[in-house]
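With chain A fixed as given, assemble chain B onto it according to the hints.
For the record, the sequence lines run as chains A and B. Read the first sequence against this note's numbering and you will find it ends at 329, with the numbers running on by one and no gaps. Read the second sequence against this note's numbering and you will find it ends at 360, with the numbers running on by one and no gaps.
It is worth saying that the hints were derived from the structure and are not from the lab. Owing to the predicted nature of the structure, the values given are computational and were not obtained by experimental measurement. In this text, a Cβ means the ideal position worked out from N, Cα and C, and glycines have one as well. Just to be clear, a hint being listed does not mean it is correct.
[As the list claims (entries may be wrong)] In silico EDC-like links for lysine to aspartate or glutamate, alpha-carbon gap of 20 Å or less:
# : chain 1 : residue 1 : chain 2 : residue 2
1 : B       : K320      : B       : E303
2 : B       : K347      : A       : E301
3 : B       : K306      : A       : E316
4 : B       : K347      : A       : E277
[What the hints assert, rightly or not] Chain B stretches covered by chain A per the calculated footprint, using a threshold of three residues with CB under 8 Å from any CB of chain A:
# : region
5 : 306–316
6 : 349–358
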Amino acid sequence: GAVVSQHPSRVICKSGTSVKIECRSLDFQATTMFWYRQFPKQSLMLMATSNEGSKATYEQGVEKDKFLINHASLTLSTLTVTSAHPEDSSFYICSARDPNKETQYFGPGTRLLVL
Amino acid sequence: SQQGEEDPQALSIQEGENATMNCSYKTSINNLQWYRQNSGRGLVHLILIRSNEREKHSGRLRVTLDTSKKSSSLLITASRAADTASYFCATAGTASKLTFGTGTRLQVTL
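Pulled out of the complex, with its shape left as it was, chain A reads as follows:
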């Protein structure tokens, strides 16, 4: 079946540094990818919609200068958490929408811990 990968799976960084998370669609070309954030024991909250070749669409309350999204190809979207702070520590999950289907395929997630 369709597979979406994320890298890295886990990252620990110091406060003030930037962290880049990659999301790759391995089985199909994804014109649209989504980035979610999940706090412990809570649901997924959509952060932004990543569109190949154009600017991402951010949800209300999500700082676009804080969370930079680049969707440079049909199989890769990146999320960069800039100047990370401890409150950015979370589980970040991406998904890719198969244009031929109605479902989204989710990556395994990236756990970010900012010290």
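Quick look at chain B alone, frame taken from chain A:
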């Protein structure tokens, strides 16, 4: 917030029993989907039901949808210990964005 709600928040049953989870949402939808998440992992798509469908089956899963009540239920029959996970409903509107429910944590004990 457009987020839907699920109940119960947590459910503990014994292997072999059935598990029922409910989801309520607020806006009109194109379809509703159910996902499963093992602790600290990504989401696995279980089943999708369209707004013009009322019931759907997939293996041990049975999903119902009542658009007049804006609610859905997921039934897992003959549960197994391996079914232990969190289950989320997600609604999709016209923009393909998914809005997730609050989730139900299911514990199946031997």
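Now for the hints, and whether the structure bears them out:
1. Between K320 (chain B) and E303 (chain B) the alpha-carbon distance is near 13 Å, which keeps this suggested pair within the 20 Å criterion.
2. A C-alpha spacing of about 25 Å is found between K347 (chain B) and E301 (chain A), which places the hinted pair above 20 Å, so the restraint is violated.
3. Our distance criterion of 20 Å between C-alpha atoms is met by K306 (chain B) and E316 (chain A), whose separation comes to about 16 Å.
4. For the proposed pair K347 (chain B) and E277 (chain A), the alpha carbon gap of about 19 Å is at most 20 Å, so the pair holds.
5. Residues of the region 306–316 of chain B lying with their CB closer than 8 Å to a CB of chain A number 0, which falls below the three-residue condition for coverage.
6. Counting residues of the region 349–358 of chain B whose C-beta sits closer than 8 Å to any C-beta of chain A gives 6, which meets the bar of three, so the coverage hint holds.
Comparing the model with each numbered hint stated earlier shows that hints 2, 5 do not hold.
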